[in-house]
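2 protein chains.
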Amino acid sequence: MPQPIEFFFDFSSPYGYLASRKIDALGAKHGRDVIWKPVLLGAVFKLTGMAPLVGIPMKGDYVKRDFARFARFLGVDFKMPDPFPFSSIHAVRAFWWQESLDPKAGHALAQRLYNTAFSGGDISNAQAVAEQARAIGIDGDALLAGIESQAVKDRTRVENDAAIARGVFGSPYIVVDGEPFWGADRLDQVAKWLETGGW
Amino acid sequence: MPQPIEFFFDFSSPYGYLASRKIDALGAKHGRDVIWKPVLLGAVFKLTGMAPLVGIPMKGDYVKRDFARFARFLGVDFKMPDPFPFSSIHAVRAFWWQESLDPKAGHALAQRLYNTAFSGGDISNAQAVAEQARAIGIDGDALLAGIESQAVKDRTRVENDAAIARGVFGSPYIVVDGEPFWGADRLDQVAKWLETGGW
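Chains as they are written, first to last, in the numbering used here: chain V, 3 to 201; chain B, 3 to 201.
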């Protein structure tokens, strides 16, 4: 069996969102599962001195134009969240809560939340996250209790630390057979790597 | 006549180098001239708070791997300069000196210098730049005198300020009919923009 693809992303990352709309089909084409792993990049930014893109002089204006243009290039619907960036800790905790019960449902919840965040919806607080979960058949009350549990808070921190220890410093960060690819603009290289086994 | 493509780059930028090996052929395919414009990104980094990629924790290790992998993906010879980053002010001044005398020779000199820097050679001092110029038939002594002239120093500063005022914050930065594209990983979108006029 081929190894699954690991797809690390921040729910507040526009480029991560673009990749999220392509990565499962790309994996399926090559007989690979895709394991979604949300991260909270705030912790990484402290280590690297990096900052959220849109606040950077000059570069910030460029990337706002690029997000939308890249989305059209990929044929993906895209609406810039407002406010941005937004807090994604409740979304991440909800993911790990659901993932520990049922990984497939966790994957579906992450997709739902990401699509919501980049189509004008809100996932920045616990009630909003629970509302999206309910829309795909997840028990919202159980979710609200779960994300307040110490076990889920611990899991979130452990997974985030593990991602950072693996070198995840941005979003999306895609690992294929140990080979890391950073950025939605590496999807073509991910595709070629899957086809050829590397170069 | 279609407008020329503007190709802004820093001689010390690996991604700029990768793009430099593709941009002229891409322009030619679409009947476009490509105007090369070297910039000194140090001034921009002060404005944006950005730093040279390879020094950034985590990201620095990734990009060193990505430079070489991306070069192989594009089929471009690539050798990381050592030391890196290196000073490119003499190369930039030499370019503007030659450009003011003969734009085509300026373009050829820039290509020669970029290829030298990323194939194990040195372009970090005036004598090294003159040596490369001589190898393609340029008067090295005239170049050495030219790059010390106030006119060339002024032109270098004016062009750099103009690039920054245009929004150039990184390398490569490619402008097609007013539309900016940042990064060697936008070459596919530049190609599509040239084919379709935008999307």
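None of these hints come from the bench; they were simulated from the model. A hint or two may mislead.
Identical chains share a label here; the pair holds if one copy fits it or two copies do between them.
With a Cα cut of at most 20 Å, we get these calculated SDA-like pairs of lysine to any residue [to be verified]:
(1) K81 with L49
(2) K24 with Q191
(3) K31 with E133
(4) K31 with H109
(5) K194 with P87
(6) K81 with D156
(7) K194 with A70
(8) K66 with R168
(9) K106 with F80
(10) K81 with A164
(11) K31 with L189
Evaluated hints:
In this homomeric assembly, K81 and L49 never come within 20 Å of each other (Cα to Cα): the closest approach is 30 Å inside a single copy and 29 Å across copies. Proximity of K24 to Q191 under the C-alpha cut-off of 20 Å is found in both arrangements, the shortest distances being 13 Å within a copy and 17 Å between copies. For a Cα distance limit of 20 Å, the shortest separation of K31 from E133 qualifies neither inside one copy, at 32 Å, nor across copies, at 52 Å. In this assembly of identical chains, the alpha carbons of K31 and H109 lie at most 20 Å apart only when taken from the same copy (18 Å versus 44 Å across copies).
Proximity of K194 to P87 under the C-alpha cut-off of 20 Å is found in neither arrangement, the shortest distances being 32 Å within a copy and 30 Å between copies. Proximity of K81 and D156 under a CA criterion of 20 Å is satisfied in neither setting, with 32 Å inside one chain copy and 44 Å between copies. Taking the shortest Cα distances, K194 and A70 sit within 20 Å of each other only across copies (16 Å), while inside one copy they are farther apart (25 Å). For the identical chains of this complex, K66 and R168 are inter-copy neighbours only, at 16 Å across copies versus 29 Å inside a copy, given an alpha-carbon limit of 20 Å.
For the identical chains of this complex, K106 and F80 are neighbours neither inside a copy (25 Å) nor across copies (43 Å), given an alpha-carbon limit of 20 Å. In this homomeric assembly, K81 and A164 never come within 20 Å of each other (Cα to Cα): the closest approach is 31 Å inside a single copy and 33 Å across copies. In the homo-oligomer, the alpha carbons of K31 and L189 lie at most 20 Å apart inside one protomer (13 Å), although the nearest pairing across protomers, at 25 Å, exceeds that limit.
Against the hints set out earlier in the document, violations occur for numbers 1, 3, 5, 6, 9, 10.
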